Amino acid sequence: MRVTVIDYKAGNLTSVLKALRRCGAETEVTDGDLSLVESAERIVLPGVGHFAATERLDTTGLTSAIRAAIARGVPFLGICVGMQWLYAGSSEAPKQPGLGHFAEQCTHFAESQEKVPHVGWNSLEIRQSSRLLSGVEPGEYVYFTHSYKAPVTADTAAITRYIEPFAAAVERGNVMGTQFHPEKSGATGLKILGNFLSWQAKGNE
Amino acid sequence: MITKRIIACLDVRDGRVVKGVQFVDIVDAGDPATQAARHARDGADEIVLLDITATHEGRSTLLDTVRRTAAVLFVPFCVGGGIRSAGDAAQVFEAGADKVSVNSAALKDPMLIDAIGHSFGAQAVVVAIDARRDPEAADPVRDAQVFVQGGRKPAGRRVVEWAREAEARGAGEILLTSMDSDGMRMGFDCELTAAVSESVGIPVIASGGAGTVEHFVDVFGRGKADAALAASIFHFGVSSARSLKEELAKAGVSVRLPC
Numbered sequence: 002m003r004v005t006v007i008d009y010k011a012g013n014l015t016s017v018l019k020a021l022r023r024c025g026a027e028t029e030v031t032d033g034d035l036s037l038v039e040s041a042e043r044i045v046l047p048g049v050g051h052f053a054a055t056e057r058l059d060t061t062g063l064t065s066a067i068r069a070a071i072a073r074g075v076p077f078l079g080i081c082v083g084m085q086w087l088y089a090g091s092s093e094a095p096k097q098p099g100l101g102h103f104a105e106q107c108t109h110f111a112e113s114q115e116k117v118p119h120v121g122w123n124s125l126e127i128r129q130s131s132r133l134l135s136g137v138e139p140g141e142y143v144y145f146t147h148s149y150k151a152p153v154t155a156d157t158a159a160i161t162r163y164i165e166p167f168a169a170a171v172e173r174g175n176v177m178g179t180q181f182h183p184e185k186s187g188a189t190g191l192k193i194l195g196n197f198l199s200w201q202a203k204g205n206e
Numbered sequence: 013m014i015t016k017r018i019i020a021c022l023d024v025r026d027g028r029v030v031k032g033v034q035f036v037d038i039v040d041a042g043d044p045a046t047q048a049a050r051h052a053r054d055g056a057d058e059i060v061l062l063d064i065t066a067t068h069e070g071r072s073t074l075l076d077t078v079r080r081t082a083a084v085l086f087v088p089f090c091v092g093g094g095i096r097s098a099g100d101a102a103q104v105f106e107a108g109a110d111k112v113s114v115n116s117a118a119l120k121d122p123m124l125i126d127a128i129g130h131s132f133g134a135q136a137v138v139v140a141i142d143a144r145r146d147p148e149a150a151d152p153v154r155d156a157q158v159f160v161q162g163g164r165k166p167a168g169r170r171v172v173e174w175a176r177e178a179e180a181r182g183a184g185e186i187l188l189t190s191m192d193s194d195g196m197r198m199g200f201d202c203e204l205t206a207a208v209s210e211s212v213g214i215p216v217i218a219s220g221g222a223g224t225v226e227h228f229v230d231v232f233g234r235g236k237a238d239a240a241l242a243a244s245i246f247h248f249g250v251s252s253a254r255s256l257k258e259e260l261a262k263a264g265v266s267v268r269l270p271c
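Protein sequences appear in the order of chains P and B.
The first sequence begins at 2 in this note's numbering and counts up one residue at a time.
The second sequence begins at 13 in this note's numbering and counts up one residue at a time.
Careful, some of the hints might be misleading.
[Claimed, not checked] Computed beta-carbon distance windows for the label pairs:
hint: 1; chain 1: P; residue 1: Pro-152; chain 2: B; residue 2: Ala-149; range: 33 to 39 Å
hint: 2; chain 1: B; residue 1: Ala-263; chain 2: P; residue 2: Arg-68; range: 26 to 32 Å
hint: 3; chain 1: B; residue 1: Arg-53; chain 2: P; residue 2: Arg-22; range: 54 to 60 Å
hint: 4; chain 1: B; residue 1: Glu-258; chain 2: P; residue 2: Glu-138; range: 14 to 20 Å
hint: 5; chain 1: B; residue 1: Glu-226; chain 2: P; residue 2: Ser-113; range: 27 to 33 Å
hint: 6; chain 1: P; residue 1: Ala-72; chain 2: B; residue 2: Glu-203; range: 55 to 61 Å
hint: 7; chain 1: P; residue 1: Glu-138; chain 2: B; residue 2: Arg-197; range: 20 to 26 Å
hint: 8; chain 1: B; residue 1: Lys-120; chain 2: P; residue 2: Asp-34; range: 47 to 53 Å
hint: 9; chain 1: P; residue 1: Gly-25; chain 2: B; residue 2: Arg-53; range: 19 to 25 Å
hint: 10; chain 1: B; residue 1: Glu-177; chain 2: P; residue 2: Gly-25; range: 41 to 47 Å
hint: 11; chain 1: B; residue 1: Asp-121; chain 2: P; residue 2: Asp-59; range: 46 to 52 Å
[Unchecked claim] If you want a taste of the chain P side facing chain B, the calculated C-beta under 10 Å gives, among others:
hint: 12; residue: Asn-13
hint: 13; residue: Thr-28
hint: 14; residue: Thr-31
hint: 15; residue: Ala-54
hint: 16; residue: Val-120
hint: 17; residue: Gly-121
hint: 18; residue: Tyr-142
hint: 19; residue: Glu-184
hint: 20; residue: Gly-187
Read the hints as simulated data drawn from the structure, not as lab findings.
The model shown is predicted, which means the values in this text are computed figures rather than measured ones.
Every residue, glycine too, gets a C-beta built ideally from N, C-alpha and C.
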């Protein structure tokens, strides 16, 4: 299967591409060629770095193209900042809107004694059955590195606890996101990417 | 619950893993890609590859080594040694590293931290600090000094201050090596690690001196380390990250298990 990976010049795509290929995907990368998004079978929006970098998605027209692809039912996976972008926005860059697929805002971790960024392996608490986390057992560990996080809502597939519970994975229909990095999360991460690659629309979607 | 990371460190020279005691008695410990994959399989939470190749020609060997190693790894992978510019860092990222560690080049030009962080994100920048206690100072720990050139030359900076500056410039983690303890297998410098960890808001990786499971329990407790680096303890079948973590779990340390 073919995966279109969006490059918005916020960090390094090598790890994501490598992991997707390991799971059997053919990968193509676009930093602005909208025809690749229009013909995409699956889309991955990786992301490390600052939420403000997503401005590039707007200026290149990728935001509209991705919105249309999602409406067509193309499976979409956002990773880290790529997941946060699915929300209305983030306090990291208040002037930069997100896609707004999920209505909530992403926020910085609350002040506490704990270190921020949240870096390292932390465990997943499964909130509801999801296709993205199919076969992932409660308590499996995944790798995080982030200072901002999405709130726990009805679409949250799994939560993780650090300072406060936050959305570690989100899923609604064909739109999925992980705050953690599946490409860096060993066997658990590869299983999750594999689930995304085998995602098929159900009859009623 | 967030876990304490056990990071396997491979010192690499001219494309081969080597290990010495305080930078002498260097022995060949195998192929980096093979060793890295083995450590990941054996439960290491992260892999650090430190290139100690002294020569200029070694650069292309390093990139090839990084490429081959990254190809078999699906856990975080950090590369250090010889990164002198944002351009050097970009090549290493392109070859598949997730993080780079910078040391003497950042001391010479602290803006390097800002530059790499700006292009690749703070999570991708690890500032490595080689530290020695200052036995002459009133407080040998708080006044510990930064060293360069493999611990031979003082850099004229206090460790705690430099760690704070690195954080302010956008470093994502500090890799703190006690040159007094390194290679001795007598335990980490927990006082120094705690002093640095309490002074910054970013994770601190402790390095230098691991010899027993107790040493790790200590540095995660008293030393307030977020992660610990181990090189010699993993080589030559002395132990594995998995068995180390199983022992740590018994001692009440939160670690990623099963792994």
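Here is how each hint holds up against the structure:
A hinted range of 33 to 39 Å for the beta carbons of Pro-152 (chain P) and Ala-149 (chain B) is inconsistent with their spacing of about 48 Å. The given range of 26 to 32 Å is broken by Ala-263 (chain B) and Arg-68 (chain P), whose C-beta atoms sit roughly 51 Å from each other. Judged by the Cβ atoms, the range 54 to 60 Å given for Arg-53 (chain B) and Arg-22 (chain P) is violated: they are separated by roughly 20 Å. Taking 14 to 20 Å as the suggested C-beta distance range, the pair Glu-258 (chain B) and Glu-138 (chain P) conforms, at roughly 19 Å.
The hinted range of 27 to 33 Å is satisfied by Glu-226 (chain B) and Ser-113 (chain P), whose Cβ atoms lie roughly 30 Å apart. Distance hint check: the CB atoms of Ala-72 (chain P) and Glu-203 (chain B) are about 59 Å apart, consistent with the given range 55 to 61 Å. The hint said 20 to 26 Å for the Cβ distance between Glu-138 (chain P) and Arg-197 (chain B), and at roughly 37 Å that hint is violated. Range check, Lys-120 (chain B) to Asp-34 (chain P): about 41 Å between beta-carbon atoms, so the 47 to 53 Å window is missed.
A hinted range of 19 to 25 Å for the beta carbons of Gly-25 (chain P) and Arg-53 (chain B) is consistent with their spacing of about 21 Å. Between Glu-177 (chain B) and Gly-25 (chain P) the Cβ separation comes to about 45 Å, which falls inside the hinted range of 41 to 47 Å. Here the CB-CB span from Asp-121 (chain B) to Asp-59 (chain P) is close to 34 Å, at odds with the stated 46 to 52 Å. The beta carbon of Asn-13 (chain P) comes within 5 Å of a beta carbon in chain B, closer than 10 Å, and the hint placing it at the interface holds.
With 10 Å as the threshold, the beta carbon of Thr-28 (chain P) stays out of range of chain B, its nearest partner Cβ sitting at about 14 Å, so the hint is violated. Given the 10 Å rule on beta carbons, the hint for Thr-31 (chain P) is violated: about 18 Å separates it from the nearest Cβ of chain B. Checking Ala-54 (chain P) against chain B by beta carbon gives a least distance of about 9 Å; that is within 10 Å, so the hint holds. Interface hint at Val-120 (chain P): satisfied, since its Cβ lies 5 Å from the closest Cβ of chain B, which is below the 10 Å cut-off.
For Gly-121 (chain P), the interface hint holds, the least distance from its beta-carbon to any beta-carbon of chain B being 5 Å, beneath 10 Å. The criterion of a C-beta within 10 Å of any C-beta in chain B is met by Tyr-142 (chain P), whose closest approach is roughly 4 Å, and the hint holds. With a cut of 10 Å, the hint placing Glu-184 (chain P) at the interface with chain B holds, because the nearest CB-to-CB distance is about 7 Å. Against a cut-off of 10 Å between C-beta atoms, the interface hint on Gly-187 (chain P) holds, since the closest Cβ of chain B lies about 5 Å away.
When held up to the earlier numbered hints, the structure conflicts with 1, 2, 3, 7, 8, 11, 13 and 14 and fits the remainder.
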